Amino acid sequence: MSGNLLDLFWIAMWETAVMVGISGAIALAAGLPIGLILVATAPGGIFPAKWINWPLGGLVNAIRSTPFIILLVAMIPLTRLIVGTTIGLWAAIVPLSIAAAPFFARLAEVALREVHPGLIEAARAMGATRAQILRHVLLPEALPGIVGSFTITIVSMINSSAMAGAVGAGGLGDLAMRFGYQRFDDAVMAQVVVVLIAVVTLVQWSGDALVRRLDRR
Amino acid sequence: MTPSGRGPTGAAAAQLREDEGMTVNYAPPHFVEEADTRPVQVVFEGVGKVYRPRGGQEVHALADVGFDVREGEVFGIIGRSGAGKSSLIRLVNGLERPTAGRVRVEGADVAALGEGDLTALRRRIGMIFQGFNLLASSTVEDNVALPLRLAGIGRREARRRAAEALELVGLSDKARAYPGRLSGGQKQRAGIARALVQKPKLLLSDEATSALDPETTRSILALLRDINAKLGLTIILITHEMEVIRDIADRVAVIEGGRIVEIGPIWRVFGNPQHGVTRSLLDHGAPALPPGIAAGDDLVFSIGVTGEDVRGPDLFAIASALGPGARLVHGNVERLQGRPSGRLYVTLPRSVIEATALPNAAEAAFARLRAVVPHAEIVSHVR
Ligand SMILES: Nc1ncnc2c1ncn2[C@@H]1O[C@H](COP(=O)(O)OP(=O)(O)OP(=O)(O)O)[C@@H](O)[C@H]1O
Ligand SMILES: [Mg+2]
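Quick note, the sequences are listed as chains A and B, same order.
Each residue of the first sequence is one higher than the one before, starting from 1 at the first, in our numbering.
Each residue of the second sequence is one higher than the one before, starting from 1 at the first, in our numbering.
None of these hints come from the bench; they were simulated from the model.
Small disclaimer: the values here were computed from a predicted structure and weren't measured.
Treat the hints with care, as some may be off.
[Claimed, not checked] Example chain A residues on the side facing chain B (calculated, C-beta under 7 Å, incomplete):
| id | residue |
| --- | --- |
| 1 | G118 |
| 2 | L119 |
| 3 | A122 |
| 4 | A125 |
| 5 | M126 |
| 6 | G127 |
| 7 | A128 |
| 8 | Q132 |
| 9 | P140 |
| 10 | E141 |
| 11 | R216 |
| 12 | R217 |
Don't be surprised by glycine CBs; every beta carbon is placed ideally from N, CA and C.
For reference, chain A alone in the conformation it holds in the complex (with noise of 0.2 Å):
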């Protein structure tokens, strides 16, 4: 590898870093509120409120099942509004921010929703508020849960980035397309593939490890 491309794959690794963990720390801001309410919503939940549950579960849906190269461009409104442009690093996180936020709200609602209900109606049983609760038992009891879909989440995220040189972010994804597909460089593309199945085994076994730590049952 010359010297020159090997720049350019640590400019990519940077890309790709900033885009997942920028947005990655957006999905989980936004995520997990909305996977606590979906929990707390739903009939026979702490709070039940079809107002809130029905239309926060259905928006939810529905970005999760827009592929995310038609997101990418559906957002771009929406992007320049947030962001002031529609090309670069920026441009890509906030669809990107956007598609992961719901998916991960879904994977940490299953992750809440296991929380064994006897635990729910000890702590009723001992005078906690709705808010205790969510705090006390549900969110402590399902860390080892939400930190496993919080890892898939940011995997699924390394794979949507890709994407993300459709509106010239950068990052590996680009990488491999602009070298490997536009200019058949297959070895480009081949080296691309390999960094990238390193970097998710890396994400995968370090949430994994975080969950074996954090699980005491």
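Starting from the known structure of chain A, fit chain B with the ligands onto it as the hints suggest.
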């Protein structure tokens, strides 16, 4: 048949020793029941509960339930699966609301309490569960401290009081362990410590020993009895294990199809069950007598020892009523709350009856027996 082996304690033991003394006790056979003067703590007034599940059929879980529980009492609730036991106990701390009638705790109508008052009430009521319901993500110590933390008590003070509660249940050495590492009995001890950490006046127990082996069950019951005596804690206890009720409760209510079908002190309900459900729960099966006796050549009388007479069955009266040839072939008498409880099987050879040459000799013998022991039956056929 009922296993024996538990020695009576305290006043009951004193009574027993007195009964066993050589002096003949001429107290009247039927004792007047002492009125319980302890203040009432929980009152059910015509309580009904109908579940209306979404898209499902209505379930009438409770109907017309009325009774009260006094301070310091251990009150047992037994019944078959689905009888409504859990529904009933969950009304006490407002986990469910009655659809008819009222449940009062310390005078207050639970369903009418606002959120703040209900929270305050729940902090005065401890609850333990069949599945323990401990947070897997917290240490035993933090689990026990949780009710205090929820009540706004600082971490250090909460930990200190949790340590006291763990001491009380004998689990101090596991304070830093996670529940996943504990045995069932240890988990339930942690659950009890958590229920007691706020020093409640009332403890609700929904099948707290159902997931435990018999020996662990006994140790948990001993703990509950100890706490009841030491702290004067009222305990309402659900179970389908009769041994549990027999070991620990003062009074018992039998519930079937959402209604209370029988209620009273243990010695009476267990010694002389009136309702079919109680009998089947107690499983008053006939004993297996050897074929020579069971074949039908002998008349077999079954005599219930029901505890109205504290002194126990009068053997001389029984023998005199039946006359020569009467034999005790099977029997069991134990003490429940100091009163005798059990069943005796007495036979009379048919040859003896036929020898009298009277037309109704068997009926006459039975009538004489009924005159001295009211709870006697002729058992025509014993397995
Ligand atoms: N939340 C609920 N919604 C609908 N029906 C319910 C609900 N809870 C209980 N029931 C029904 O009410 C009846 C009484 O149930 P309950 O749990 O009180 O019985 P139980 O005596 O505690 O039984 P078990 O010994 O099996 O615990 C049952 O028919 C049950 O199916
Ligand atoms: Mg039950």
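Proposed interface contact between M126 of chain A and chain B, which counts if any beta carbon pair is under 7 Å: Holds, because the Cβ-Cβ distance from M126 of chain A to chain B comes to roughly 4 Å (cut-off 7 Å).
Against chain B, is R217 of chain A within 7 Å by beta-carbon distance? holds (5 Å)
Per the CB criterion, is R216 of chain A less than 7 Å away from chain B? holds (4 Å)
So, G127 of chain A near chain B? Judge it on the closest CB pair being under 7 Å. holds (4 Å)
Quick one, is the E141 of chain A hint okay against chain B at 7 Å, beta carbons? With a closest approach of 5 Å, the E141 of chain A hint holds.
Cut-off 7 Å, beta-carbon criterion: hint that A122 of chain A touches chain B: Result: holds, 4 Å to nearest chain B Cβ.
Report holds or violated for the interface hint on G118 of chain A, using the least CB-CB distance to chain B and a cut-off of 7 Å. Check passed: Cβ of G118 of chain A comes within 4 Å of chain B, closer than 7 Å.
Restraint check, 7 Å cut-off on beta carbons, for P140 of chain A near chain B: holds (4 Å)
Quick check on Q132 of chain A please, does its C-beta sit within 7 Å of some C-beta on chain B? holds (5 Å)
Does A125 of chain A pass the interface check with chain B, least Cβ-Cβ distance below 7 Å? Status holds, d = 4 Å.
Interface restraint verdict for L119 of chain A against chain B (beta-carbon cut-off 7 Å): holds (5 Å)
Hint A128 of chain A vs chain B: min CB-CB distance below 7 Å? holds (5 Å)
Hint compliance for this structure: every hint is met.
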